[in-house]
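**Q** Spelled out, the chains give:
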Amino acid sequence: MSEDVIVAEGLTKVFNKNLVAVDHVSFSVRHGEIFGFLGPNGAGKTTTINMLITVLKPTDGKASVLGYDVVKQANEVRKVIGVVPQEYTADEDLTGYENVMLCADLYGIPREIAEKRAIELLNLVELTDFKDKKVETYSGGMRRRLELACGLINRPKVLFLDEPTLGLDVQTRSATWDYIRRLKNEYGMTLLMTTHYLEEADELCDRIAIIDRGKIIVTGTPRELKDSLGGDIITISIKENSDVGDIIRGIENVKEVINENGAYRIKVESGEVTAPLIIEALRKKGYNVTRLSLTEPTLNEVYLEHTGRAMRDTEESREAFRAQRMTLRRARAR
Amino acid sequence: MSKTNESHPSLIRGLRALTIRELKKWLKDPIMLLMFVLQPLIWMGLLGKAMNINAMFSPSSLGNLEIPNIQIPGSLLDPPVSGVVVIPGSLVAQQLRQMFSEMGANVMQKTFGVTDYFSYMSVGMISMIVMTTTMFSGMSIVWDRRLGFLGKVISTPVSRAAIIFSKVLNATLRAMFQATIILALAYILGLQVSSTFTLLNVLGVYAAIFLLGVGLSSVFLAFSIRSTRMERPMQFVSLVTMPLMFASNTLFPISLMPEWIQAIARVNPLTYLTDALRQLTILPSDASAIIIDFTYLGIFAAVLATIGLVLSWRYLTK
Chain H
5 MSEDVIVAEG LTKVFNKNLV AVDHVSFSVR HGEIFGFLGP NGAGKTTTIN
55 MLITVLKPTD GKASVLGYDV VKQANEVRKV IGVVPQEYTA DEDLTGYENV
105 MLCADLYGIP REIAEKRAIE LLNLVELTDF KDKKVETYSG GMRRRLELAC
155 GLINRPKVLF LDEPTLGLDV QTRSATWDYI RRLKNEYGMT LLMTTHYLEE
205 ADELCDRIAI IDRGKIIVTG TPRELKDSLG GDIITISIKE NSDVGDIIRG
255 IENVKEVINE NGAYRIKVES GEVTAPLIIE ALRKKGYNVT RLSLTEPTLN
305 EVYLEHTGRA MRDTEESREA FRAQRMTLRR ARAR
Chain Y
13 MSKTNESHPS LIRGLRALTI RELKKWLKDP IMLLMFVLQP LIWMGLLGKA
63 MNINAMFSPS SLGNLEIPNI QIPGSLLDPP VSGVVVIPGS LVAQQLRQMF
113 SEMGANVMQK TFGVTDYFSY MSVGMISMIV MTTTMFSGMS IVWDRRLGFL
163 GKVISTPVSR AAIIFSKVLN ATLRAMFQAT IILALAYILG LQVSSTFTLL
213 NVLGVYAAIF LLGVGLSSVF LAFSIRSTRM ERPMQFVSLV TMPLMFASNT
263 LFPISLMPEW IQAIARVNPL TYLTDALRQL TILPSDASAI IIDFTYLGIF
313 AAVLATIGLV LSWRYLTK
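Protein sequences appear in the order of chains H and Y.
Just so we're on the same page, my numbering is the position in the first sequence counted from 1, plus 4.
Just so we're on the same page, my numbering is the position in the second sequence counted from 1, plus 12.
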């Protein structure tokens with residue numbers, strides 16, 4: 005069971021004739037995996053998803069979901085996918101239950117089935133007690149869960165999640181992760197999600213594509229990506245106020261030394277072996293190591309390696325910015 | 013998971029669900045609803061009674077008629093009499109007052125088709141409220157887009173036509189609701205229905221309002237469909253409100269307007285709605301006029317609804 009569920013070839017979206025949001029992106033998502041798009045704001049993650057869920061028309065290239073072309077068979081695609089958008093899209097004036105039933109109506113799910121399923125889904129996302137309360141009384145986490153319930157009403161085979169934990173607190177975030185994992189494990193769903201939280205991608209995704217400036221830079225499992233950096237990172241501080249970078253560079257297995265405000269970040273192969281060597285070498289020269297830590301590379305490293313450290317002033321669409329601001333505001337409303 | 017797909021999105025189901033959503037939003041907000049009922053009440057109470065054109069033709073608006081006694085030499089009369097005939101001024105004034113009243117009624121009848129302006133005006137008010145209410149359909153789609161609701165709806169397989177028509181239908185239903193209040197209130201306040209009025213005419217009134225509601229809300233929706241800002245539809249509304257209202261027979265008969273305004277009024281759909289409503293309620297129904305009105309309104313609704321539909325197909329998905 006590893007046929008490709010989502011296939012994109014040269015997918016491109018150009019806004020207003022000159023703003024290239026997504027630039028010839030190709031990838032495939034396998035059956036039953038959680039595939040994550042990771043990238044900074046304005047990288048083109050949401051635009052890519054919007055083309056796959058048939059909300060935006062690609063300028064160039066093609067994509068298919070479960071074999072249906074997203075342009076020519078858009079309506080077939082819409083029937084088999086579920087979408088949990090970045091924004092809170094539920095109608096605030098309606099209750100949670102009414103919102104889920106509205107979604108069921110939009111999919112044309114027979115009433116009896118829909119009623120049963122709405123109860124079931126609201127139970128799954130633990131909103132049963134609040135199902136008859138207006139959504140405007142919901143917290144950010146509850147709204148997100150309601151979006152999830154709406155996105156699942158048609159028993160989708162593929163679920164698209166756009167920044168599923170944007171603006172949520174730590175507890176709600178980890179609860180959301182649990183739901184997502186359950187969808188994959190218990191329902192065998194294929195999930196495609198975007199995030200700009202690294203730990204989220206690391207925690208949840210089977211495979212990750214790092215996307216920046218509209219292009220996929222690298223794709224792989226979190227493990228593969230970390231390994232590709234080669235080696236561990238040792239961070240040390242010394243008592244003396246002098247530059248010992250050159251001494252450290254002379255030690256075997258040391259690949260790179262960066263002095264960050266008096267602390268040295270040292271990229272090495274097999275950190276456990278090299279750390280004692282560094283301490284010894286420094287002591288011989290009369291320097292005292294006051295602090296040492298050893299870390300295996302995190303996705304953070306991978307991410308910065310590929311997207312660079314410079315801050316971004318990307319030209320983002322006004323609409324996207326406003327939507328995100330509104331989501332954050334509402335997430336924090338309670 | 014290999015169950016066959018049970019999604020059978022249909023236009024009717026989607027349209028029903030989305031329209032009910034809008035109506036629920038509306039009914040669930042008591043303050044909104046209250047204002048919605050108050051609006052026609054205030055309009056009727058103020059505008060309907062404020063412009064008291066009837067009073068202009070009442071003898072009291074002549075003020076104190078100080079007419080001196082008129083002396084006529086008897087030789088001028090036929091047959092001539094001797095001496096001087098004196099006609100008391102008060103008698104002349106009394107005659108004038110009475111004539112003025114009759115002339116006023118004649119002028120009113122010729123100008124407005126009915127002798128009381130309140131009846132004329134209150135029917136026009138229905139057109140006004142239909143216009144203002146349907147205008148807000150455009151804003152609601154912008155709002156749905158901003159809140160992301162629209163984005164979600166278009167990612168479902170629901171018919172695109174259902175999305176647009178639910179807005180059209182919702183605006184039209186609201187307009188019909190308010191029109192009912194106006195009509196009922198006008199009747200209480202003294203609207204005089206014509207002798208040809210029957211309950212069947214009420215159906216005609218609703219049909220006419222429905223047609224104009226569908227047409228107008230389609231225009232405003234089509235204009236707002238790609239907009240992400242509220243300002244644009246709002247500006248558009250304030251741009252077209254005045255010309256639609258005044259270059260029509262809503263408040264005043266067009267036959268007394270300058271030629272160029274008449275030209276505008278003749279293509280203004282509000283003119284046809286107002287005329288249809290008057291024909292059906294306060295005027296002795298003129299079948300040919302009603303047919304013309306309904307034909308125009310029908311074409312207006314059909315053409316604009318089609319445009320709205322085509323645009324929705326093109327522009328809901330960017």
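Everything labelled a hint here was simulated from the structure, so no lab data went into it.
A couple of the hints might just be wrong.
What the hints assert, rightly or not - Cut-off 27 Å, straight-line C-alpha distance, at most; resulting in silico cross-link-like pairs (BS3-like, lysine-lysine): (1) H:Lys120 / Y:Lys37; (2) H:Lys138 / Y:Lys40; (3) Y:Lys36 / H:Lys138; (4) H:Lys137 / Y:Lys61.
**Q** Measure nothing beyond the straight line between the CA atoms of Lys138 of chain H and Lys40 of chain Y; if it is 27 Å or shorter, mark the hint as holding.
**A** holds, 10 Å
**Q** Lys120 of chain H and Lys37 of chain Y were given as a pair; does the straight-line alpha-carbon distance stay at or below 27 Å?
**A** Holds, at roughly 24 Å.
**Q** Below or equal to 27 Å on CA atoms is what counts here, so check Lys36 of chain Y against Lys138 of chain H.
**A** holds, 12 Å
**Q** Between Lys137 of chain H and Lys61 of chain Y, is the straight-line Cα distance small enough, at 27 Å or below?
**A** violated, 44 Å
Hint compliance for this structure: hint 4 alone is broken.
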